[in-house]
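J.: Given next are the chains, with one letter for each unit.
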Amino acid sequence: MSLQRVVLDPFVNNNPVTLQVLGVCSALAVTRTLLPALIMSIAVIAVLAYANVSVSLIRHIMPRSIRIIIEVTLIASAVIVVDEVLKAYAPEVSRILSVFVGLIITNCIVLGRTESFAMSNAVGPSLLDGIGNGVGYSLVLVFVASCRELLGTGALLGYPVLLLAADGGWYVPNLLMTLPASAFFVIALLIWLVRSWRPAQVEVPEHPVAPAEFQETA
Amino acid sequence: MRAAESTPQTLLVALGVVLFCSVMVSTTVELLRPVQLAYKQIDRNRVVVKVTGLASAGEELSDREIVDRFRELEVRAVDLADGRFTDAVDPLTYDQRAAVENPELSVAIESTQDIAGLGRRARYALVYVLSDGQSVRRITLPVHGRGMWSTIYGYVTLDGDMTTVADIMFFEHGETPGIGDQIESPAWRASWLGKLIYDDNGKPAIAAAPASAAGPAERHRVDAIAGATLTVNGAINAVLYWLGEDGFGPFLKQLRPTHAQAAHLPRE
Chain A
1285 MSLQRVVLDP
1295 FVNNNPVTLQ
1305 VLGVCSALAV
1315 TRTLLPALIM
1325 SIAVIAVLAY
1335 ANVSVSLIRH
1345 IMPRSIRIII
1355 EVTLIASAVI
1365 VVDEVLKAYA
1375 PEVSRILSVF
1385 VGLIITNCIV
1395 LGRTESFAMS
1405 NAVGPSLLDG
1415 IGNGVGYSLV
1425 LVFVASCREL
1435 LGTGALLGYP
1445 VLLLAADGGW
1455 YVPNLLMTLP
1465 ASAFFVIALL
1475 IWLVRSWRPA
1485 QVEVPEHPVA
1495 PAEFQETA
Chain B
71 MRAAESTPQT
81 LLVALGVVLF
91 CSVMVSTTVE
101 LLRPVQLAYK
111 QIDRNRVVVK
121 VTGLASAGEE
131 LSDREIVDRF
141 RELEVRAVDL
151 ADGRFTDAVD
161 PLTYDQRAAV
171 ENPELSVAIE
181 STQDIAGLGR
191 RARYALVYVL
201 SDGQSVRRIT
211 LPVHGRGMWS
221 TIYGYVTLDG
231 DMTTVADIMF
241 FEHGETPGIG
251 DQIESPAWRA
261 SWLGKLIYDD
271 NGKPAIAAAP
281 ASAAGPAERH
291 RVDAIAGATL
301 TVNGAINAVL
311 YWLGEDGFGP
321 FLKQLRPTHA
331 QAAHLPRE
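Residue numbers (the numbering used here), protein chains in the order written: chain A, 1285 to 1502; chain B, 71 to 338.
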């Protein structure tokens, strides 16, 4: 696989959220407005890149029996560092993100990439794979957050875009968009869009429903 | 068996990774602490500016505005034993939480007095005075006490009569999210506004009860929060303790205006 594909594939063709449906729970929680989603994106990209590089570096001396523990330790300490940096330099956003920064540790995308890619690839490709998957996750996060903030509050990054009816404009904000459930709808619509555009991503149903058989009851 | 699978190698790799990670984490925390503390200071002053009524409701203030408005307040240290202003500590650098750990700057609280469950308290406390020339318009007092899980920190602002609650804010705690943390909610704060701290005998008399309950007089009653009784009691006990005889009681007594006369700052 060429290095270019390593970075670009996770954007659409092999997107961790829309294709693999990983990391959805944080995508629900931090996408109410755009700013926290952007900060969260940067945090996940940083953690993914760091985790992939560090696991790839020690992949030859890594004992198989404790590899998951070691991976999680590396990821967890990276997440703590990111959390502390946010608390110092973006305290307000850090308060909005609250536990979800810490929960990057449990984001399946991170452990998934270290296990499936960094364990068996050199440092360079692992770094690119981390960044690529981080950006793929971020694209979804930013898309969902833009939809929700725009439709839910009529603003983007806090700047009014749609003139609100309350301020004499025409737009009545859809309050459903400010609730976590709406992220489900937006992600589902996004997956639908992507899979209509790239039909190869549509999964074959594992358990096809058999046609109903009419049975004569005696 | 590959060399990587042997027990010594496993232990060595584990030890190496753990050492590396712990050094990385503790270095970051140590390097960033000054920045976080500085922000915490601004953050606390932001609460003070809001609770003293120097910011209108819902107004978002930049760090610069916080500093500017905070300077309209007079920050003084009070010796809690005699209730007089003191210059024993510098109000700008004094840290009341650190002082509790220092035996010279703190005293043990008698267990009969210790309704807030604190054990020790600092000898000196900071107060924030908003005055127009001579008379005190409002005064803001820090309070804290044990809640259900954590220590609850807050500020109470009293009007010039030194008994009417002008505002109250609990800004730091580790109470149950969604239940105990309603002590931060605007609705609960609103139930304090205009209530009288002291009864006719000069004792703090705030109590929590549902609106319809026969119990405390309406002028001393604040809302109860369903499911958060221990947290609410903790918050109220913090106020009762700090505004009582062992806390700011003596200090406020001196400030209290006699009849229609405005409060004057006592001289040290």
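No lab work stands behind these hints: they were computed from the structure. Among these hints, one or two may not hold up.
Derived contacts from chain A toward chain B, CB cut-off under 8 Å, selection only [what the hints assert, rightly or not]:
{"hint": "1", "residue": "1349"}
{"hint": "2", "residue": "1356"}
{"hint": "3", "residue": "1358"}
Quick reminder that beta carbons are idealized off the backbone N, C-alpha and C, glycines included.
J.: For each hint, tell me whether it holds in the structure or not.
T.: Here is what the structure says about each hint:
no., hint, verdict
1, 1349, "holds, 6 Å"
2, 1356, "violated, 10 Å"
3, 1358, "holds, 6 Å"
Checked against the numbered hints listed earlier, the structure breaks hint 2 alone; every other hint is satisfied.
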